[in-house]
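Read off the chains here:
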Amino acid sequence: MFFEIKDLTVEVEGKTILRDINLSIDKDEVMVLFGPNGSGKTTLLRAIMGFAGYKVIQGEIIFEGERINNLTIDERARLGLGIIYQHPASIRGVKLHQIASFLTKDDSKIKDLSQRLSLSKHLDRDLNQGFSGGEMKRSELFQIILQDSKFLCLDEPESGVDIENISIMGKVLGEYITKLKKSALVITHTGYILDYINAQKGCVMIDGKLWCVGNPRHMFEKIKELGYEKCKDCLIRKST
Amino acid sequence: MKSVKTASSGKVLNTNLKKNDVEIISSSGMDFSQDKRSGSFLQSDNKIEFMNTLYDGLDIIDMETALKKIPEAKKYYARAFKELKRDFPKGTKGGYFIRVKKGTVLKLPIQACLFLKQKAFKQKVHNLIIIEEGAKVYLITGCSASKSAFHAHHLGISEFFVKKGAYLNFTMIHSWKEDTFVKPMSIAIVEEDATFISNYISLKPVKEVQMYPTAVLKGKSARASFNSLILSHPGSVQDIGSRVIFKAKNTQAEVISRAISLGGKVIARGHLKSEVPQVKAHLECRGLILSEKGTIHAIPEMESDYRDVNMSHEAAIGKINKEEIEYLCSRGFTRNQAQSIIVRGFMDVDVLGLPQELKQGIEDLENKTLQSSF
Ligand SMILES: Nc1ncnc2c1ncn2[C@@H]1O[C@H](COP(=O)(O)OP(=O)(O)OP(=O)(O)O)[C@@H](O)[C@H]1O
Ligand SMILES: [Mg+2]
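Protein sequences appear in the order of chains A and B.
Okay, so the first sequence: first residue is 1 according to our numbering, each after it adds one.
Okay, so the second sequence: first residue is 1001 according to our numbering, each after it adds one.
No lab work stands behind these hints: they were computed from the structure.
All of these numbers come straight from a predicted model, not from anything done at the bench.
Each residue gets a CB set at the ideal place from its N, CA and C atoms; glycine is no exception.
One should not assume that every hint holds.
Computed footprint of chain B on chain A, listed as stretches where at least three residues anywhere in the stretch have a Cβ under 8 Å from a Cβ of chain B [said to hold, decoys possible]:
{"hint": "1", "segment": "17 to 24"}
{"hint": "2", "segment": "49 to 58"}
{"hint": "3", "segment": "63 to 74"}
{"hint": "4", "segment": "105 to 116"}
Here are some chain A residues pointing at chain B (derived, C-beta under 8 Å) [what the hints assert, rightly or not]:
{"hint": "5", "residue": "Ile91"}
{"hint": "6", "residue": "Arg92"}
{"hint": "7", "residue": "Val94"}
{"hint": "8", "residue": "Gln143"}
{"hint": "9", "residue": "Lys150"}
{"hint": "10", "residue": "Gly160"}
{"hint": "11", "residue": "Gly214"}
{"hint": "12", "residue": "Asn215"}
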């Protein structure tokens, strides 16, 4: 298995947020993670990346056969994990182009992609500082593509982005994932991004637990129709 | 703006100073080739090493000579202190008189350097800078000390007069050593529609610096901005403030200070005082403490008797934000790389409003210092 989580329990600030999570993602496979606000989706991504304060109490995170639980964030990044943040940090005095040039030595790639994502003028600005909501998401997408990770953790890549820009971002992301056969774990509330990437699997997280795995488009339709509460009932019924 | 001057052929400056000293002076911003400079002044201890101007509209003369020969020097001498009813130390020796004549726009900066050479020498200079109506200039002053200048002192008095519609960007780079005592005193009188930008950069160790330069916004629509970038080493005490006094309507000012303590003590003061309504001002102090032993004390002050003013301040002190480090780590930077890029970003020279060439010089200096400090 390309990426695997086994019996993962995660604590934040002494509180258990995730419980006994199991999931697996193949190479060239995209999984969508649904779930209501506060259910633990971001926590899962942050635990995968190894952020301080997201304490693994139990279980394993395995990437390309290697147990990565004890690796630092940058070690995981260098192994091939990448993240788009739901709420990215902004850093004063550090320019977007500095990061871009660190991520790739290919200047033409920086130029082309920044143009496609309408970020040419942002390259000389401080990272995410004063960027609008949509600009921030484009800057995140820009960076993760330059980083060229093998496994992409995308935390609401399209939230706060207008329809036109969703279409631009969606095309860039979809093309990238398909052409380069990337694997990804994608969080979405709106579902818009599903129109652009070919997701094979979906799962729902409720109260820090993963409830089921299924066809993402089908799941999303049901969630829209019935809401998460009903979805929970149904799944509980199914699993018992 | 009457005329825009272009560079005449470069003129290499000669001194009898030792190679070591020339290197130190160069590293604080002096370009001996004068390739990209409008004029130069160098004083070591009491001795004027050279003064040189490459443009008609520009006078650069030592203070004693200026007081004898140039009527304006006499007329303006001590005037800024009188304006604030303040006393100032007498018995100075040397210093520069710089005048940029009406309408003269100098694209290339003027450079000046005050250098300490002998052991225990007490340098005491008085500078006078007059930027006449509509003139525009960048002045870069390097202050540094020879390796042999043990326990030396520097007292620098500066008076700036930025006349109607004129622009002065004054950038001072301090590169002293761990046993130097320094006390600059300066006042700028800024007239109608004029702009005064004062940049202060201190990256090297120093024993003690105490300064509280003041800008008086005297004419309407005058502007001032003070920017300081301070790297404080163990054993250094740097008490550095900036004060703006608003005496006319529609004036604006900004005071920005960035201090990093590697173990030294920084007192970052700021004082905005409006004596009239309709002023706009902002004070910002950010401090990063990178060593347990470091201290940063921010003291922002604001005063106004009027309601119709817009004055604000912002101060933040602490260690590097964990979230910023983690963000960069998730992009593949190591923890050390992340720390170093954040620290460099913190000392961003973009705030100084400098032309590309000068900016680059200061960036290089910063990179060199920061590299050797971590
Ligand atoms: N650092 C923290 N300290 C305290 N509680 C935290 C912390 N981080 C997360 N939590 C809590 O963990 C729970 C899960 O948060 P998480 O951000 O993972 O939710 P989410 O599923 O991403 O929600 P949303 O859809 O709103 O983004 C929330 O109740 C949140 O308040
Ligand atoms: Mg979230």
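Residue hint valine 94 of chain A, partner chain B, criterion CB-CB below 8 Å | Holds: closest Cβ of chain B sits about 4 Å from valine 94 of chain A, inside 8 Å.
Would you check whether glutamine 143 of chain A satisfies its interface hint, that is, whether its CB is within less than 8 Å of any CB in chain B?
-> holds, 6 Å
Satisfaction of the glycine 214 of chain A interface hint, Cβ to chain B closer than 8 Å = violated, 30 Å
Interface hint status, arginine 92 of chain A versus chain B (Cβ within 8 Å) = OK, holds: arginine 92 of chain A within 8 Å of chain B, min 6 Å.
Evaluation of the interface hint that places glycine 160 of chain A against chain B, nearest CB under 8 Å | Check failed: Cβ of glycine 160 of chain A comes no nearer than 18 Å to chain B, outside 8 Å.
Does the interface hint hold: is asparagine 215 of chain A within less than 8 Å of chain B, judged Cβ to Cβ?
-> Violated: closest Cβ of chain B sits about 31 Å from asparagine 215 of chain A, beyond 8 Å.
Within 8 Å of chain B (C-beta), three or more residues of the segment 105 to 116 of chain A | violated (count 0)
Restraint check, 8 Å cut-off on beta carbons, for isoleucine 91 of chain A near chain B = Holds. Min distance 5 Å.
Taking a Cβ-to-Cβ distance below 8 Å as contact, does the segment 17 to 24 of chain A have at least three residues touching chain B?
-> violated (count 0)
Between the segment 49 to 58 of chain A and chain B, see if three or more residues pass the 8 Å beta-carbon test, and mark the coverage as holds or violated.
-> Coverage by chain B holds here, the residue count being 3 at a Cβ distance below 8 Å.
Has the segment 63 to 74 of chain A got at least three residues whose CB is nearer than 8 Å to a CB belonging to chain B?
-> With 3 residues close enough to chain B, the hint holds.
Against chain B, with CB atoms and a cut of 8 Å, does the hint on lysine 150 of chain A hold up?
-> violated, 13 Å
Checked against the numbered hints above, the structure violates hints 1, 4, 9, 10, 11, 12; every other hint is satisfied.
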